[in-house]
Amino acid sequence: MPELEQVRRAQSFGARVAVTSNGHDHSYDSLLSVSEGIAASLLDGSADLGEERVAFLIPASFEYAAVQWGIWRAGGVAVPLSLSAADPELEHVITDAQVDRIIVPEDSVEKLRPLCDRLSKPLLTVEQISSGQSVPLPELDPQRRAMILYTSGTTSKPKGVVSTHENIQAQITTLVEAWGWLSEDSIPLFLPLHHVHGIVNVLSCALWSGARVDCFESFDAQAILERVADKEYSVFMGVPTIYVKLIRILEDAHDG
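Residues 10 to 265 in the working numbering are what the sequence shown lists, from first letter to last.
It should be emphasised that the hints constitute simulated quantities derived from the structure, not laboratory data.
Don't take each hint at face value.
With a straight-line Cα cutoff of 16 Å, these simulated EDC-like cross-link-like pairs (lysine to aspartate or glutamate) come out [claimed, not checked]:
id : residue 1 : residue 2
1  : K240      : E193
2  : K130      : D105
3  : K120      : D96
4  : K254      : E235
The model shown is predicted, which means the values in this text are computed figures rather than measured ones.
Model the full assembly from the supplied sequences, consistent with the hints where possible.
Here is the structure:
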């Protein structure tokens with residue numbers, strides 16, 4: 010199996026917009042190119058990462074998708090970190106998952122540097138690894154491990170849940186069929202990207218379908234409502250607290 014099914018599908022979407030973030034549209038071609046460069050940088054001459062755990066702390070953005078795909082295409086296991094986690098929580102995930110390297114945007118280096126130095130973990134920036142040259146990428150069996158997500162830890166310390174590429178693909182295809190995703194669809198992404206809802210239900214389903222993901226680094230209710238009113242989205246997913254906030258804003262506007 011030379012490439013993941015997500016990658017093969019993306020090749021057919023070409024110039025279509027995959028991700029909108031920070032005011033810029035990024036095509037599927039760009040996602041493929043940048044993620045390949047990231048994979049090459051991570052491999053650094055190796056043939057396969059061999060399920061090396063690579064953590065990343067990146068807000069919802071094109072860079073998040075490219076890094077996730079880059080880790081996968083290099084044969085690594087993606088370990089997304091929570092943007093709101095304090096150092097003790099991050100340390101638990103990094104040590105428990107036996108993470109080898111951590112990727113962050115340039116503006117997050119200051120936040121992670123002390124922890125990475127203390128744990129003796131290499132800290133890479135997205136900018137450093139985004140321009141790798143094209144190299145042969147490993148063939149990936151669908152049953153290889155792909156991602157480790159951590160539970161919320163309401164009763165004890167968060168526990169890592171491992172998904173294979175096959176697991177993730179099964180979730181995606183089931184949801185895409187059930188919800189009738191189309192390549193013409195567009196969806197906002199503001200949910201946390203260290204849990205299944207944001208990663209699989211929104212980002213992965215959209216990219217599988219050739220749809221467009223509009224990324225918000227944080228929940229911006231006013232901007233989202235304006236785009237909903239302008240009919241920019243055909244799919245919308247949130248959690249109860251999100252809907253409560255949106256309803257309150259609409260009610261306040263109506264009362265005003």
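Okay, which hints does this one fail, numbers in order? none
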